[in-house]
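All chains should be modelled from the sequences, with the hints used to inform the complete structure.
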Amino acid sequence: MTDLFKEPDDATPLEPQEREGLLQSWITYRRDLNEAEQENIVQGAAWARGRRRISIDSLLTDDFMRTLHKRMFGDVWRWAGTYRTTERNIGVAAYRIPLELINLLDDVRYWVDHQTYPRDEIAIRFHHRLVAIHPFPNGNGRHARQAADLLVGRLGGEPFSWGGGSLADVGELRARYVAALRAADNHDIGPLLEFARC
Numbered sequence: 001m002t003d004l005f006k007e008p009d010d011a012t013p014l015e016p017q018e019r020e021g022l023l024q025s026w027i028t029y030r031r032d033l034n035e036a037e038q039e040n041i042v043q044g045a046a047w048a049r050g051r052r053r054i055s056i057d058s059l060l061t062d063d064f065m066r067t068l069h070k071r072m073f074g075d076v077w078r079w080a081g082t083y084r085t086t087e088r089n090i091g092v093a094a095y096r097i098p099l100e101l102i103n104l105l106d107d108v109r110y111w112v113d114h115q116t117y118p119r120d121e122i123a124i125r126f127h128h129r130l131v132a133i134h135p136f137p138n139g140n141g142r143h144a145r146q147a148a149d150l151l152v153g154r155l156g157g158e159p160f161s162w163g164g165g166s167l168a169d170v171g172e173l174r175a176r177y178v179a180a181l182r183a184a185d186n187h188d189i190g191p192l193l194e195f196a197r198c
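Under full-length UniProt numbering, the residue at position 118 of the sequence shown is numbered 118, and the numbers go up by one with no gaps.
Derived by calculation from the structure, the hints in this document are not laboratory data.
None of these values were measured; they are calculated from a predicted model.
Among these hints, one or two may not hold up.
Label-pair distances were calculated between CB atoms; the ranges are [stated by the list, open to error]:
hint: 1; residue 1: 20; residue 2: 197; range: 34 to 44 Å
hint: 2; residue 1: 57; residue 2: 118; range: 15 to 25 Å
hint: 3; residue 1: 88; residue 2: 115; range: 31 to 41 Å
hint: 4; residue 1: 57; residue 2: 16; range: 33 to 43 Å
hint: 5; residue 1: 113; residue 2: 17; range: 32 to 42 Å
hint: 6; residue 1: 158; residue 2: 55; range: 32 to 42 Å
Note that the Cβ used here is the ideal one computed from N, Cα and C, for glycine as well.
In structure tokens:
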């Protein structure tokens, strides 16, 4: 048996029907999956950066969020860009995903229009809530980080460093990221803001 679907302890495992959505038959080990996903993410990020003229209002749409996920994972997973239909130990109930996402996007538009928070904080609060909704079967953190980078760029800021390394690997960096997310779950956004810019 391969380690293909062995997730880190703090990651959400895929359900059997979601595992069947793997498009690449050559992927048999976890390192292969990580490599394929990373290559697809790089392509998705390049696509997103090429949308320089997209407005904040166009970025903050259900369609753009799903398209971004599809661009980041669509070469690897059949279900990329499609909301999850299974329940998780994290995130909202699957049937609530569309409404929760619309509420989040409306909130972020309000924060931007009324300068409720500084631009970094707007993008980090957006990232945190998007991860908390957990709309997709997998790739939620990577998708939310890319979406936050796009948003902060549209607000005139620089992309975040996200700790300056790869969060895909189990280790101290990922542990700090997860701890910062948990602090934000408890209404302390400071550690996540700090992690994003360190």
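Evaluation of the provided hints:
Checked against the hint of 34 to 44 Å, the pair residue 20 and residue 197 passes, with Cβ atoms roughly 39 Å apart. Here the CB-CB span from residue 57 to residue 118 is close to 20 Å, well matched to the stated 15 to 25 Å. The supplied range of 31 to 41 Å is met by residue 88 and residue 115, whose beta-carbon atoms lie about 34 Å from each other. The hinted window of 33 to 43 Å between residue 57 and residue 16 holds, with their beta carbons roughly 39 Å apart.
Our hint of 32 to 42 Å for residue 113 and residue 17 holds, since their Cβ atoms are close to 41 Å apart. Roughly 19 Å separates the CB atoms of residue 158 and residue 55, a value that falls outside the hinted 32 to 42 Å.
Going through the hint list in order, the structure does not satisfy hint 6, though it satisfies all others.
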